[in-house]
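Peer 1: Chain by chain, the residues run as shown.
2 protein chains.
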Amino acid sequence: MSNEMYSFIGGSTGPWKIVSINSVTGKAMEPIDRLEIVNEFITSSKAETKWVLHGTTSNLRYTTRQEKEQLDAKSPPLGRKGDTCAALIPIKKSKAWWELAQDERRTIFEAQSEHIKIGLKYLPAIARRLHHSHDLVGEPFDFLTWFEYSPAHSDEFEELVSILRKSPEWKYVDREVDIRLVLDKPSIDPNQPIKVNIKSL
Amino acid sequence: MSNEMYSFIGGSTGPWKIVSINSVTGKAMEPIDRLEIVNEFITSSKAETKWVLHGTTSNLRYTTRQEKEQLDAKSPPLGRKGDTCAALIPIKKSKAWWELAQDERRTIFEAQSEHIKIGLKYLPAIARRLHHSHDLVGEPFDFLTWFEYSPAHSDEFEELVSILRKSPEWKYVDREVDIRLVLDKPSIDPNQPIKVNIKSL
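Chains A and B are the protein sequences, given in the same order. Quick note on our numbering: the first sequence kicks off at 1019 and runs consecutively. Quick note on our numbering: the second sequence kicks off at 1019 and runs consecutively.
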């Protein structure tokens, strides 16, 4: 996974329409109408922007070679036709988590919580991209996970988040917001970003 | 280790005077006279600044609990009196490194290269702070390691870098620059940053 920066821009524009924003643990986030995701670092200058979260795709932190191969074989791409449901789940873990040694975090993450094993069960139904924010000093969260799935797999998604939230790993979650969205954009070409030609306005 | 952002500002100001800048692997860096280190994100506006590197202190990536305890017991703080020698070694690792799974990287890092075991031998002589840049998309390096030691321990420092450079881990180093410095600042109070009162100028 190469390092790429993403900005999640919450406001009144973008192809993803907000269904709900629930504070699971800790401080809530300001409500928005729509979300836009861009593959660069943006601190929005648009007046209607309520917040921007940043995160980067990065190398694996806990996954072994064997687990990576299982994940790679089953992981679907984002942007599948029909995946009109999405979730953005920003999470901040506690100081206690980050002060653990690598082997202790791995034990909680997989031996105790089966994070990878559980996630594997929901592939390829639930597409997923993890963004890291912990090293981006000043960001309010440590992880931004983006999920995409079809309406037919909604129940499975609810099951997945419910199981993970009961795991020992989640005792180290200090703040979690659960944002649900639906795809709602002009159907000219669902795979192309909408470009506005300023001159033509 | 809490997440703190540092900027390494290369130019003609700062308490650290450059002794040498050597390109060990890959592209060289522009020569500078002095280095200033600040505990925040700065993109310098000073005309004499040649480059700025950014990195954050972060959680441990490979270290086990047992190794952490050994390291904590022997690791000295930065800024010791007499530690007038320093080195800044920015490193970029290859795409192949970052695509490895966690267990594969750990095997190369410690089982094959003994990175922690070797480092431990040079504690408390060589003080050290590691800064991560890999997730700061756009930074030219993945790691910035800052070392401080007394002139009496110079030979040990040469030995340490020489041993690590021969390790299997270093096959994954794509770019490495070795910057050596000496402390050279007004001796009013060596532990206080120099503050200039603009009004008094």
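Among the hints, erroneous ones may be present.
For chains that are exact copies, the list does not tell them apart, and a pair is met inside one copy or across any two.
[Said to hold, decoys possible] Heads up, simulated BS3-like pairs for lysine-lysine below, C-alpha to C-alpha not over 30 Å straight-line:
#, residue 1, residue 2
1, Lys1113, Lys1092
2, Lys1203, Lys1189
3, Lys1135, Lys1184
4, Lys1135, Lys1064
5, Lys1086, Lys1035
6, Lys1068, Lys1139
7, Lys1064, Lys1184
8, Lys1035, Lys1064
9, Lys1086, Lys1135
10, Lys1189, Lys1086
11, Lys1045, Lys1035
12, Lys1092, Lys1139
13, Lys1184, Lys1203
14, Lys1035, Lys1113
15, Lys1113, Lys1086
16, Lys1099, Lys1189
17, Lys1092, Lys1068
18, Lys1113, Lys1203
19, Lys1135, Lys1113
20, Lys1045, Lys1086
21, Lys1092, Lys1135
Worth flagging that the hints you see were computed from the coordinates, not collected in a lab. All of these numbers come straight from a predicted model, not from anything done at the bench.
Peer 1: All hints, please: hold or fail.
Peer 2: Checked hints:
In this homomeric assembly, Lys1113 and Lys1092 come within 30 Å of each other (Cα to Cα) only across copies, at 23 Å, whereas the closest approach inside a single copy is 33 Å. For the homomeric pair Lys1203 and Lys1189, neither the shortest alpha-carbon distance inside one copy (38 Å) nor that between copies (48 Å) is at most 30 Å. Taking CA atoms no more than 30 Å apart as the test, Lys1135 paired with Lys1184 passes inside one copy only; the shortest distance there is 15 Å, against 38 Å between copies. Taking the shortest Cα distances, Lys1135 and Lys1064 never come within 30 Å of each other, neither inside one copy (41 Å) nor across copies (52 Å).
Proximity of Lys1086 to Lys1035 under the C-alpha cut-off of 30 Å is found in neither arrangement, the shortest distances being 33 Å within a copy and 46 Å between copies. In the homo-oligomer, the alpha carbons of Lys1068 and Lys1139 never lie at most 30 Å apart, since the shortest distance is 35 Å inside one protomer and 51 Å across protomers. Taking the closest pair of Cα atoms, Lys1064 and Lys1184 never come within 30 Å of each other, the shortest separation being 39 Å inside a single copy and 52 Å across copies. Only within a single protomer do Lys1035 and Lys1064 lie at most 30 Å apart by alpha-carbon distance; the minimum there is 18 Å, versus 44 Å between protomers.
Proximity of Lys1086 to Lys1135 under the C-alpha cut-off of 30 Å is found in both arrangements, the shortest distances being 11 Å within a copy and 28 Å between copies. Taking the shortest Cα distances, Lys1189 and Lys1086 sit within 30 Å of each other both inside one copy (25 Å) and across copies (23 Å). In the homo-oligomer, the alpha carbons of Lys1045 and Lys1035 lie at most 30 Å apart inside one protomer (22 Å), although the nearest pairing across protomers, at 46 Å, exceeds that limit. Taking identical chains as interchangeable, the C-alpha atoms of Lys1092 and Lys1139 lie at most 30 Å apart only when both belong to the same chain, with a minimum of 10 Å there against 44 Å between chains.
Taking the closest pair of Cα atoms, Lys1184 and Lys1203 never come within 30 Å of each other, the shortest separation being 35 Å inside a single copy and 55 Å across copies. Proximity of Lys1035 to Lys1113 under the C-alpha cut-off of 30 Å is found in neither arrangement, the shortest distances being 33 Å within a copy and 36 Å between copies. Taking the shortest Cα distances, Lys1113 and Lys1086 sit within 30 Å of each other both inside one copy (28 Å) and across copies (16 Å). Proximity of Lys1099 to Lys1189 under the C-alpha cut-off of 30 Å is found in neither arrangement, the shortest distances being 36 Å within a copy and 42 Å between copies.
Taking the shortest alpha-carbon separations for Lys1092 and Lys1068, neither the intra-copy value of 36 Å nor the inter-copy value of 47 Å comes in at or below 30 Å. Neither within a single protomer nor between protomers do Lys1113 and Lys1203 lie at most 30 Å apart by alpha-carbon distance, with minima of 40 Å and 36 Å respectively. Taking CA atoms no more than 30 Å apart as the test, Lys1135 paired with Lys1113 passes in both settings, with 25 Å inside one copy and 27 Å between copies. When the C-alpha separation of Lys1045 and Lys1086 is checked against a cutoff of 30 Å, the pair qualifies neither within a copy, at 34 Å, nor between copies, at 33 Å.
When the C-alpha separation of Lys1092 and Lys1135 is checked against a cutoff of 30 Å, the pair qualifies only within one copy, where the shortest distance is 12 Å, while the shortest distance between copies is 38 Å.
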